[in-house]
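If you read the sequences in order, they're chains V and U.
Note that the first sequence covers residues 1 to 74 in this note's numbering.
Note that the second sequence covers residues 1 to 202 in this note's numbering.
Read the hints as simulated data drawn from the structure, not as lab findings.
Among the hints, erroneous ones may be present.
[Said to hold, decoys possible] Label pairs and their computed distance ranges (CB to CB): (1) V:Gly58 <-> U:Asp133: 13 to 23 Å; (2) V:Arg27 <-> U:Leu57: 34 to 44 Å; (3) V:Arg27 <-> U:Met63: 22 to 32 Å; (4) U:Glu22 <-> V:Val26: 36 to 46 Å; (5) V:Gly58 <-> U:Asp165: 44 to 54 Å.
Ideal placement from N, C-alpha and C gives every residue a C-beta, glycine not left out.
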Amino acid sequence: MKRQKFSSQQKLQEEQHLDQQQVQSVREFATVEQMLRHDALHTPVPPGIARRLNESIGPVAPPPRAWWRRLLGS
Amino acid sequence: MSEPLAESPHAGEPHAGLAPSEFAELYNEHSRAIFYLTLRFLGDPQKAEDATHDVFLKAFRKMEQFRGESSWRTWLYRIAINHCRNLQQSWNERHMLSNADDALWDNAAAKGDSPLRVLEIKELGQRIQSALDALPGEYRLLLLLVADEQLSYEQVGALTNQTADAVRGKLHRARKAFAVLFQKPEPLQKFPLRSNHETPKI
Numbered sequence: 001m002k003r004q005k006f007s008s009q010q011k012l013q014e015e016q017h018l019d020q021q022q023v024q025s026v027r028e029f030a031t032v033e034q035m036l037r038h039d040a041l042h043t044p045v046p047p048g049i050a051r052r053l054n055e056s057i058g059p060v061a062p063p064p065r066a067w068w069r070r071l072l073g074s
Numbered sequence: 001m002s003e004p005l006a007e008s009p010h011a012g013e014p015h016a017g018l019a020p021s022e023f024a025e026l027y028n029e030h031s032r033a034i035f036y037l038t039l040r041f042l043g044d045p046q047k048a049e050d051a052t053h054d055v056f057l058k059a060f061r062k063m064e065q066f067r068g069e070s071s072w073r074t075w076l077y078r079i080a081i082n083h084c085r086n087l088q089q090s091w092n093e094r095h096m097l098s099n100a101d102d103a104l105w106d107n108a109a110a111k112g113d114s115p116l117r118v119l120e121i122k123e124l125g126q127r128i129q130s131a132l133d134a135l136p137g138e139y140r141l142l143l144l145l146v147a148d149e150q151l152s153y154e155q156v157g158a159l160t161n162q163t164a165d166a167v168r169g170k171l172h173r174a175r176k177a178f179a180v181l182f183q184k185p186e187p188l189q190k191f192p193l194r195s196n197h198e199t200p201k202i
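Looking at chain V on its own, in the form it has when it is part of the complex:
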């Protein structure tokens, strides 16, 4: 009986703890824009974009020397 009481108390405590967790994490946004701003701030830009851009933009290779320039060594 005692054991049963203990387990039900424990269960109640766990539930209260979970409820508390849930209440603590409630967030309210007054407007859609506010919510979108929050979302945008927490949406990181993938670093791969900058890397790819760097590759796409990267230094343009110099044009190959003309055959006659290579031949004359100039």
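Dock chain U against the given chain V, drawing on the hints supplied.
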């Protein structure tokens, strides 16, 4: 909304190899805004990543054409909007609602005036995406642009080819429509009742 890359969660990779030039500064200042617009407009992270890359590449190649008549931000947004629209036209993936559905939103929007409550869950982005996806494309774009505090209604109007007054009018309906879609009970059933993740609370 924008912030330097150095302050972003990926600060460990400053510029990620980009040369310290005017363009790198431009990227650092506006990439977050452009990526977010493409992400929520297209609804696909990989496509958004590709689109953001393409937008900045186009901007780089057309930088000399920029005459300073608008802000860099507005100019980049214009490139991004055109790019996303072209992609959407060619993909033809999404079911787009027409403006004829305005009345539907007006009538259904009674509960759209209440604040939007959510729990801090990872699914917030998914919920936002679902609501945006169900909106008419014009509303979706208006909400995303107006959410950027750097843009005025006039600038949003210029980007969407309408007057600032028209933006205000449509925005009112767009907000209500979004709230109705966001607060739809169906997606709630997909999430566990008790969770450390984010779950919208109606």
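Checklist entry - Which hints, by number, does the structure contradict? => result Result: hints 1 and 3 break, sorted rising.
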